[in-house]
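Enquirer: Below, each chain spelled out in residue letters.
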Amino acid sequence: MSTVDWIVLFATLTSIVAYGLYRSRGSNTVDRFLLAGKTMPWYAMALSIMATQASAVTFISTTGQSYVDGMRFVQFYFGLPIAMVILCATVVPAFHRAKVFTAYEYLEQRFDSKTRALASIIFLCQRGLSAGLTLYAPAIVLSAILGWPDRVTILLMGITVITYTSLGGVKAVTWSDVQQMCIIFFGLIAALVVVIRLLPHAVSFPDALFLAGAAGRLNAVTTHFDPNDRFTLWSGLIGGTFLFLSYFGCDQSQVQRYLTGSSIEQSRLSLLFNAVAKIPMQFFILFIGAMVFVFHLFVQPPILFEAAEAERIQASNAYRPMAEHYSQAFDRRRQAALDLIAAHHAHDTAGETERVEEYRAAQRDLDGARDQAARLVENTGGEHGYSDTNYIFLSFVTRYLPVGLVGLIIAVIFAATMSASAGEINSLATVTMVDLYRRYFRRGAADHHYLMASRWATVFWGAYAIASAGLGRKLGSLIVAVNVMGSLFYGSLLGVFVLAFFFRRVRGTAAFLGMLAGEAVVFAAFFYTGISFLWYNVIGCAVVIVTAVAITDWSTPASA
Amino acid sequence: MPDGPPPFLGTWRRVYIAVLVYLILIIGSCYWFTRVFA
Numbered sequence: 001m002s003t004v005d006w007i008v009l010f011a012t013l014t015s016i017v018a019y020g021l022y023r024s025r026g027s028n029t030v031d032r033f034l035l036a037g038k039t040m041p042w043y044a045m046a047l048s049i050m051a052t053q054a055s056a057v058t059f060i061s062t063t064g065q066s067y068v069d070g071m072r073f074v075q076f077y078f079g080l081p082i083a084m085v086i087l088c089a090t091v092v093p094a095f096h097r098a099k100v101f102t103a104y105e106y107l108e109q110r111f112d113s114k115t116r117a118l119a120s121i122i123f124l125c126q127r128g129l130s131a132g133l134t135l136y137a138p139a140i141v142l143s144a145i146l147g148w149p150d151r152v153t154i155l156l157m158g159i160t161v162i163t164y165t166s167l168g169g170v171k172a173v174t175w176s177d178v179q180q181m182c183i184i185f186f187g188l189i190a191a192l193v194v195v196i197r198l199l200p201h202a203v204s205f206p207d208a209l210f211l212a213g214a215a216g217r218l219n220a221v222t223t224h225f226d227p228n229d230r231f232t233l234w235s236g237l238i239g240g241t242f243l244f245l246s247y248f249g250c251d252q253s254q255v256q257r258y259l260t261g262s263s264i265e266q267s268r269l270s271l272l273f274n275a276v277a278k279i280p281m282q283f284f285i286l287f288i289g290a291m292v293f294v295f296h297l298f299v300q301p302p303i304l305f306e307a308a309e310a311e312r313i314q315a316s317n318a319y320r321p322m323a324e325h326y327s328q329a330f331d332r333r334r335q336a337a338l339d340l341i342a343a344h345h346a347h348d349t350a351g352e353t354e355r356v357e358e359y360r361a362a363q364r365d366l367d368g369a370r371d372q373a374a375r376l377v378e379n380t381g382g383e384h385g386y387s388d389t390n391y392i393f394l395s396f397v398t399r400y401l402p403v404g405l406v407g408l409i410i411a412v413i414f415a416a417t418m419s420a421s422a423g424e425i426n427s428l429a430t431v432t433m434v435d436l437y438r439r440y441f442r443r444g445a446a447d448h449h450y451l452m453a454s455r456w457a458t459v460f461w462g463a464y465a466i467a468s469a470g471l472g473r474k475l476g477s478l479i480v481a482v483n484v485m486g487s488l489f490y491g492s493l494l495g496v497f498v499l500a501f502f503f504r505r506v507r508g509t510a511a512f513l514g515m516l517a518g519e520a521v522v523f524a525a526f527f528y529t530g531i532s533f534l535w536y537n538v539i540g541c542a543v544v545i546v547t548a549v550a551i552t553d554w555s556t557p558a559s560a
Numbered sequence: 001m002p003d004g005p006p007p008f009l010g011t012w013r014r015v016y017i018a019v020l021v022y023l024i025l026i027i028g029s030c031y032w033f034t035r036v037f038a
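Quick note, the sequences are listed as chains A and B, same order. According to my numbering, numbering within the first sequence proceeds without interruption in unit steps and concludes at 560. According to my numbering, numbering within the second sequence proceeds without interruption in unit steps and concludes at 38.
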């Protein structure tokens, strides 16, 4: 990176942290530290919710996914508006009226203390696992760009997040998120404009759309039903609805954002903003990946986007013929793309059909060469199931974006990481303090004692996230890994909240046993079946409800 | 805890219906996008 990029990067990051801390002045009680004194406006909560969900993984991995597989991933978000409407009508008013700090506190009011404790522990397990992964994503960025060890980057990011989260609490987190989302929006728009401007003069924007579509990179909707296919219209609508109900209704990292609202109306508006804005935003990010694909139709991409692995396999005897084959395949595809555009411009339907086939065949040839390179990585001591998807966008950014914008995009990735990580650490600390420490270990202490406990819990979870960040290296596509981890636990949490809201006769013990049964079945599905992770939420939720209702029916005398 | 009406469309029920109609339009647009450029 140039000096200008470094200045842009550090100025952006410093201003985000400084602004968050400035806005968080006065967070000197537990209520202000954990819930911002319930003073946040809807737009701040809305952007904070969006920022907490949109981690660096969203930008690194999603763009890579559309480069190699098209835009099908957008279907994952089709369930989001449905989930938001359900939550606004049920959960939001219930949580506000119950005056709770955490979602799990509500479970004790409705069921009993053991159900609350189990739900809290499930949340701590799930969020604790993904907290490290959230920090790991930008470590890829700097290790790819600067050659820094992953651990240095993780430490730098983690300490920054711990500092402003432990000092300013949820208010610092929320106002930092607002600024981070503004920078993220600006950075993404700039990236798309630049990638389109980098296309050859002979290739117009409609031509770029045509070429991306012909290669299957604009396939946003697939309507076939296959439970083993991760991204279809049906898995998005049904599985996605359950996942987002769980995520926004039962995950404290999200619930805490909208509990800071000054009224039910403000909290509802923040969720509905996400319901409306999230799908276009994901579409936009995926579209950037598709346009990077079109750019590389005319500018040869490296055989592997991860520079270190690409360099390592060059020592192998198999590399040279493979690289020559790759160059030939690229030339063939570039020519096929140009021929296809020419036929398209000439309105030559027969010629267009013929050239589409040649273009797709050339693409398969190129994909085959890249697959060979990935297998060579495995065969020469690299990781099993190697994929360079997470490096595609970053490779493009560092090689082709202009000075200044590189620093800004890197800042976007950092900003996204810090916002997601801060939200996670803040919520983990809240649950630890409110649901476990204050409930079981130290009841009736002074407010200042709990404020300090919250700060120390923040430091603990930040340190834990730093320590467990190395796990990310073993998990392939990061965006999928994050969602798989979430889905292992969300179904049971959703199930117990569905029981709480809609099954009034179910009591604590039945709900508690239902959650245990739900977790057991989801883990069995994960280890012993090929069912897509989006369905785990449906399965887990259904098992919790069926088990709890069955136990309730069985234990209730017939005459009752 | 106050639960006021939404700032637009009069009732929350209408806002929810508007969001669901928006979802249908978004999915329809994505489907159209896929078909046009397939």
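Because the hints were derived from the structure by calculation, they are not lab data. The model shown is predicted, which means the values in this text are computed figures rather than measured ones. Quick reminder that beta carbons are idealized off the backbone N, C-alpha and C, glycines included. Treat the hints with caution; some may be incorrect.
Partial selection, computed: residues in chain B whose CB lies under 8 Å from chain A [to be verified]:
id: 1; residue: Asp3
id: 2; residue: Pro6
id: 3; residue: Trp12
id: 4; residue: Tyr16
id: 5; residue: Leu20
id: 6; residue: Tyr22
Enquirer: Each of the hints needs a verdict: does it hold here or not?
Expert: Going down the list of hints, with the structure as the test:
{"no.": "1", "hint": "Asp3", "verdict": "holds (4 Å)"}
{"no.": "2", "hint": "Pro6", "verdict": "holds (7 Å)"}
{"no.": "3", "hint": "Trp12", "verdict": "holds (7 Å)"}
{"no.": "4", "hint": "Tyr16", "verdict": "holds (4 Å)"}
{"no.": "5", "hint": "Leu20", "verdict": "holds (6 Å)"}
{"no.": "6", "hint": "Tyr22", "verdict": "holds (6 Å)"}
Hint check: no violations occur; every hint is consistent with the structure.
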